[in-house]
Amino acid sequence: GAGVSQSPSNKVTEKGKDVELRCDPISGHTALYWYRQRLGQGLEFLIYFQGNSAPDKSGLPSDRFSAERTGESVSTLTIQRTQQEDSAVYLCASSFSTGRNIQYFGAGTRLSVL
Amino acid sequence: DQQVKQNSPSLSVQEGRISILNCDYTNSMFDYFLWYKKYPAEGPTFLISISSIKDKNEDGRFTVFLNKSAKHLSLHIVPSQPGDSAVYFCAASGGSNYKLTFGKGTLLTVNP
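As they're listed, the protein sequences go chains A and B. Taking the numbering used here, the leading residue of the first sequence gets 147, the next gets one more, and so forth. Taking the numbering used here, the leading residue of the second sequence gets -17, the next gets one more, and so forth.
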């Protein structure tokens, strides 16, 4: 596709369940980012992948959160034992490389934890 | 600690007039600034950016001004159009730090 694709667009889950969110970056983009937007807040950085380098996980809020990326393709963000405070829109972005390159965002996954 | 602040949650302007959206930052390491626009149920879309070596960047109806001494930037939209109605986010990064730090956004409503 032409843009960053995320699935599912909406996810409702029960507290304590695990969820997996998927991101397909723009073809050729080596960098991939996950952000979270809670209601009324700005976007909060979670994790960053660049090629085959070790990911920067410094934004992950707890060890219940993890992410993987295979090469320069699809990434999955996994949240284990979901809590109500995990409810947010999870946004994925990709760019050609780091630094000054523009990050292009997907439409996000709206996660609701009941 | 909020490093990028957009103090106006909302702004309403008349079609054809100028819209001015403001952003303040506290981290002196930030040297690259971006504005994104976001419609409901869509991801943020890049609008315009500015490097700290400049004080102004213009692209069509959109101009971003940077005042480094005041740690302040603003986005001017002129003339404003109803299609500009959206949430506008200010974002910043610094040096080799690729992470974008975002403000909370300003909801712009352009009335016909």
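Keep in mind the hints are simulated off the structure, nothing from the lab. Where hints are given, some of them may not hold.
Unchecked claim - Under the rule of at most 25 Å between Cα atoms (straight-line distance), these lysine-lysine pairs were calculated in the PhoX-like manner:
no.: 1; chain 1: A; residue 1: Lys157; chain 2: B; residue 2: Lys38
no.: 2; chain 1: B; residue 1: Lys(-13); chain 2: B; residue 2: Lys20
no.: 3; chain 1: A; residue 1: Lys157; chain 2: B; residue 2: Lys20
no.: 4; chain 1: B; residue 1: Lys50; chain 2: B; residue 2: Lys(-13)
no.: 5; chain 1: B; residue 1: Lys53; chain 2: B; residue 2: Lys20
no.: 6; chain 1: A; residue 1: Lys203; chain 2: A; residue 2: Lys161
no.: 7; chain 1: B; residue 1: Lys38; chain 2: B; residue 2: Lys81
no.: 8; chain 1: B; residue 1: Lys53; chain 2: B; residue 2: Lys86
no.: 9; chain 1: B; residue 1: Lys50; chain 2: B; residue 2: Lys81
no.: 10; chain 1: B; residue 1: Lys81; chain 2: A; residue 2: Lys203
no.: 11; chain 1: B; residue 1: Lys36; chain 2: A; residue 2: Lys203
Straight-line Cα separation of Lys203 of chain A and Lys161 of chain A no greater than 25 Å? 24 Å, holds
Pair hint Lys157 of chain A and Lys20 of chain B, alpha-carbon separation not exceeding 25 Å: 21 Å, holds
Proposed proximity, Lys86 of chain B with Lys53 of chain B (alpha carbon, max 25 Å): 17 Å, holds
Would the pair Lys38 of chain B and Lys81 of chain B pass a check requiring their Cα atoms to be no farther apart than 25 Å? 23 Å, holds
Hint consistency between Lys157 of chain A and Lys38 of chain B [alpha-carbon to alpha-carbon, up to 25 Å]: 42 Å, violated
Can you confirm whether the C-alpha distance between Lys50 of chain B and Lys(-13) of chain B stays at or below 25 Å? 15 Å, holds
Agreement of Lys81 of chain B and Lys203 of chain A with the hint, judged by alpha carbon distance not exceeding 25 Å: 11 Å, holds
For Lys53 of chain B and Lys20 of chain B, compute the direct alpha-carbon distance and say whether it is at most 25 Å. 24 Å, holds
Assess, step by step, whether the Cα of Lys(-13) of chain B is no farther than 25 Å from the Cα of Lys20 of chain B, and give holds or violated. 17 Å, holds
Can you confirm whether the C-alpha distance between Lys36 of chain B and Lys203 of chain A stays at or below 25 Å? Not satisfied, since the Cα-Cα distance of roughly 32 Å exceeds 25 Å.
Proposed proximity, Lys81 of chain B with Lys50 of chain B (alpha carbon, max 25 Å): 20 Å, holds
Of the hints listed earlier, those the structure fails to meet are numbers 1, 11, in rising order.
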